[in-house]
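Peer 1: Protein chains in written order, with the numbering used here: chain H, 25 to 183; chain E, 7 to 625.
FYI, nobody ran anything at the bench for these hints, they're computed from the structure.
Please read all numbers here as calculations on a predicted model, not as lab measurements.
For glycine and all other residues, C-beta sits at the position ideal for the given N, C-alpha and C.
Just so you know, not all the hints are guaranteed correct.
Computed list of lysine to aspartate or glutamate pairs in EDC-like fashion (alpha-carbon distance at most 20 angstroms, straight line) [unchecked claim]:
1. Lys-100/E - Asp-393/E
2. Lys-112/H - Glu-589/E
3. Lys-395/E - Glu-440/E
4. Lys-171/H - Glu-586/E
5. Lys-608/E - Glu-115/H
6. Lys-124/H - Glu-589/E
7. Lys-590/E - Glu-115/H
8. Lys-41/H - Glu-300/E
9. Lys-112/H - Glu-615/E
10. Lys-124/H - Glu-586/E
11. Lys-112/H - Asp-458/E
12. Lys-608/E - Glu-118/H
13. Lys-165/H - Glu-615/E
14. Lys-160/H - Glu-120/H
15. Lys-112/H - Asp-460/E
Coverage of chain E stretches by chain H, computed from C-beta distances (three or more under 8 angstroms per stretch; other residues unrestricted) [what the hints assert, rightly or not]:
16. 225-237
17. 286-298
What follows is a list of derived Cβ distance ranges for each label pair [what the hints assert, rightly or not]:
18. Lys-90/E - Pro-91/H: 54 to 64 angstroms
19. Arg-94/H - Lys-39/E: 34 to 44 angstroms
20. Asp-167/H - Gly-191/E: 54 to 64 angstroms
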Amino acid sequence: MDLATIESIIRQHGGQKSALIAMLQDVQQQYTYLPKDVLQYLSRTLNVPLSRAYSLATFYRAFSLKPKGRHPISVCLGTACHVKGAVKILEKFERELGIKTGQTTPDLMFGLEQVRCLGCCGLAPVVTVGQDLYGKVTVSKVDQIIKRYQKQEAAHAKA
Amino acid sequence: MPYRVHCMVCAGTGCVSNRSLEVRDALENEIRKRGLQDEIQIVTTGCNGFCAVGPLMVVQPDGIFYQQVSAKDVPLLVEEHFIKGRPVQKLLYKPPEAAAPIPKMSDIPFFKHQRLIALRNRGLIDPEKIEDYIARDGYQALVKALTEMTPEQIIEVITKSGLRGRGGAGFPTGVKWQKVRQAKGEPKYIICNGDEGDPGAFMDRSIFESDPHSVIEGMLIGARAIGARYGVVYIRNEYPLALERIQIAIQQAREYGLLGENILDSGLDFDISVTRGAGAFVCGEETALIASVEGRLGDPRARPPYPAEYGLWGKPTCINNVETWANVPPIILHGWEWYSQIGTERSKGTKVFSLVGKVRNTGLVEVPMGITLRQLIYDIGGGIPGDKKFKAVQTGGPSGGCIPAGMMDQPIEYIAPDGKREARDYLDLPIDYESLTDVGSMMGSGGLVVMDEDTCMVDVARYFLAFTQDESCGACTPCREGTKLMLDILNRIVDGHGTMDDLRALEEIAWVVKQTSLCGLGKTAPNPVLTTLKYFRDEYLAHIEAHKCPAHVCRALNTYRIDPVICVERGHGCGVCRRECPEKAIFGEKNQPHRIDQTLCKKCGVCVEVCHFNAVIVE
Chain H
25 MDLATIESII RQHGGQKSAL IAMLQDVQQQ YTYLPKDVLQ YLSRTLNVPL SRAYSLATFY
85 RAFSLKPKGR HPISVCLGTA CHVKGAVKIL EKFERELGIK TGQTTPDLMF GLEQVRCLGC
145 CGLAPVVTVG QDLYGKVTVS KVDQIIKRYQ KQEAAHAKA
Chain E
7 MPYRVHCMVC AGTGCVSNRS LEVRDALENE IRKRGLQDEI QIVTTGCNGF CAVGPLMVVQ
67 PDGIFYQQVS AKDVPLLVEE HFIKGRPVQK LLYKPPEAAA PIPKMSDIPF FKHQRLIALR
127 NRGLIDPEKI EDYIARDGYQ ALVKALTEMT PEQIIEVITK SGLRGRGGAG FPTGVKWQKV
187 RQAKGEPKYI ICNGDEGDPG AFMDRSIFES DPHSVIEGML IGARAIGARY GVVYIRNEYP
247 LALERIQIAI QQAREYGLLG ENILDSGLDF DISVTRGAGA FVCGEETALI ASVEGRLGDP
307 RARPPYPAEY GLWGKPTCIN NVETWANVPP IILHGWEWYS QIGTERSKGT KVFSLVGKVR
367 NTGLVEVPMG ITLRQLIYDI GGGIPGDKKF KAVQTGGPSG GCIPAGMMDQ PIEYIAPDGK
427 REARDYLDLP IDYESLTDVG SMMGSGGLVV MDEDTCMVDV ARYFLAFTQD ESCGACTPCR
487 EGTKLMLDIL NRIVDGHGTM DDLRALEEIA WVVKQTSLCG LGKTAPNPVL TTLKYFRDEY
547 LAHIEAHKCP AHVCRALNTY RIDPVICVER GHGCGVCRRE CPEKAIFGEK NQPHRIDQTL
607 CKKCGVCVEV CHFNAVIVE
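Just chain H, same shape as in the assembly:
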């Protein structure tokens, strides 16, 4: 745990108990998950029972107790995406990455999630990888999407 980071997150939200959700969101963004020691630290510092921090962490979908991948993949299963065959796309990602929905690849490169509507229904079916959004995705395009990030990382490693 990087104490300075956590302290600055707490300060940003004025140290208010009511801002615990917002703090957790910042922690999630920083670490891609909520590490146990950070939850304990927040609970002690803000004088909030640890059980409450855990209840928030497990109730809200934005939080994860396990590290998410460097490139979190979200396959939209909103209604429009569903009727346009999003399930098959999710399954293709599962097969290609060798993980189930909700899991992360062992090298922590990709995490795979399903999400209920990204609000881009005009482009269904939709997939996001980190900040990038892909519309009108087909089963055959899944490979290319994954390769793009693998290449990116390979290039990055070389440089």
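Once you have looked at the hints, place chain E on chain H.
Peer 2: Below, chain E alone, put in the same frame as chain H:
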């Protein structure tokens, strides 16, 4: 010198994903290269609405509409249109049957039938510039409300306009404001509910992204009317761009003295903070949303007391949806008489719908209340793609229901204002709050998902139940246990193991959950099941009795085989299916017919998706 041409590039989430920002950069480069930067201005706007054909660009003042523009089209576009004055034909919109393209946006059917009030500024302003909003009469309604009207007069105008909550339930906005004004307790709060959770609806996102100041102005007018001191914008976690734009807009409004203390010297003190949701559908429910803003679990509580009396931090709170707030400034500016002319007797004004699913022109449309589904789907939406048959339309998200195609040509009953039911000879189903509730669905936040013959209605019911079951907070038993039991039954039916007893139990549990759940989530969760049982019972029976899925969606009931003739004659035995089959169940050589080994096939359906020649037959 004023610009001679304004080039509005759409930067909504959809178009950005199609690289509209690259188009903008290329345009700026090209224009500078040709020394036109003082004549032509490039503006990045919010969502234009016609997401299906993005990236989009509209050239003003002529209103020429360009679609699917890419960066490499830019030199030609600048040369032909901006220098020679000839619109580029190949980038214009052309309807499938039409002989010639339609250059003007206002002539395109998708736009022609729309009436923009909540979305009045979409595509016309840069949402990150308050000056653009002000130039389009922005904050004029606020000035009027602060200087010429008493709070009572504001509430009277909103009440008389007939504006009803656009979040789904349709509660009269003026009545709600009056309640909060009269409630005891200080300070009072205003909340903008932007937790747009219904899958298939994205009007709130679009308003935040294309015109965030309209929401702020609406909230300011509400604050004056109600006597509120603080405002909260609650925005969904999944909408990063919307979050960014509302934050920029709030900052600008503060700099202009439109938020803060003694606004425009009127004595009004009001400021807005932003709360980001953390991903829980139930937080769209008002009491759960308040709990979430207070930093607690998003558990709804029983009402009364309503938030109007006991809301955020126990104080009187007025919660309205994003679209409702965006409607307020034009009503104040143009008067209730103007607004109440639009729409039907009981549902006034316009409504924004997201028209998605199996329809040609997907996107966001704003139309007068009372428009028929037929007009929406065929005149604006351009009908169903691929010569498929229109089957149903789903409205209201997981709380709504499925309206069958036949319904659009049947006279339906309508609740008259005096409460008596009066049969009216509507040829087509008009969309307003009452008529949708009458057929067992609801307006919801305005998602319209169109379904064709390839959509299985049992699967759709199962899909929504899986959604609500997953999102049920677990606080009350009927919703927690009931949705689970219903989902189990639906899973059995789509897997081919359902019985007639299951069907009876399903219906019975659905009614219990509907009548006994604590909050709106549970009360409406059975709607997709009940409407499909009512209008598409034959599909349930086909699954249970014949073990068949008529739409070939429920994979456990399907058999897949490859037509050897099509495979060879059209596809030359290309082998894509063989390579893609995860079970290695497909065999064949190049130029030879391929076949599926039924003992190995796990019925995943990938072969259907990947075959370019439609050689895989589903039975």
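Peer 1: Decide if the proposed pair is consistent with the structure: Lys-100/E and Asp-393/E, CA atoms, cutoff 20 angstroms inclusive.
Peer 2: holds, 18 angstroms
Peer 1: Cut-off 8 angstroms, C-beta pairs, minimum 3 residues; does the coverage of the stretch 286-298 of chain E by chain H stand?
Peer 2: holds (count 3)
Peer 1: Given the proposed pairing of Lys-590/E with Glu-115/H, does the C-alpha separation stay at or below 20 angstroms?
Peer 2: holds, 16 angstroms
Peer 1: Would the pair Lys-124/H and Glu-586/E pass a check requiring their Cα atoms to be no farther apart than 20 angstroms?
Peer 2: Between Lys-124/H and Glu-586/E the Cα gap is close to 19 angstroms, so the pair holds against 20 angstroms.
Peer 1: Against the 20 angstroms threshold, does the CA-CA distance of Lys-395/E and Glu-440/E hold or violate the hint?
Peer 2: violated, 27 angstroms
Peer 1: Is Lys-608/E within 20 angstroms of Glu-118/H, Cα to Cα?
Peer 2: Status holds; Cα separation ~15 angstroms.
Peer 1: Can you confirm whether the C-alpha distance between Lys-112/H and Asp-458/E stays at or below 20 angstroms?
Peer 2: Holds: Lys-112/H and Asp-458/E sit about 19 angstroms apart, inside 20 angstroms.
Peer 1: Compare the distance between the alpha carbons of Lys-165/H and Glu-615/E with 20 angstroms, and conclude whether the hinted pair is satisfied.
Peer 2: This hinted pair holds, its Cα atoms lying about 11 angstroms apart.
Peer 1: Next pair to validate is Lys-160/H with Glu-120/H; report whether the Cα-Cα distance is within 20 angstroms.
Peer 2: Holds - the C-alpha atoms of Glu-120/H and Lys-160/H are around 19 angstroms apart, at most 20 angstroms.
Peer 1: Is the gap between the beta carbons of Asp-167/H and Gly-191/E within 54 to 64 angstroms?
Peer 2: The hint (54 to 64 angstroms, Cβ to Cβ) holds, given that Asp-167/H and Gly-191/E are roughly 59 angstroms apart.
Peer 1: With the threshold set at 20 angstroms, check whether the alpha-carbon distance from Lys-112/H to Glu-589/E stays at or below it.
Peer 2: holds, 14 angstroms
Peer 1: Can you take a look at whether the stretch 225-237 of chain E is actually covered by chain H? Rule is 3+ residues, C-beta closer than 8 angstroms.
Peer 2: The restraint on the stretch 225-237 of chain E is violated, since only 0 of its residues have a Cβ under 8 angstroms from chain H and three are required.
The earlier numbered hints that this structure contradicts are 3 and 16.
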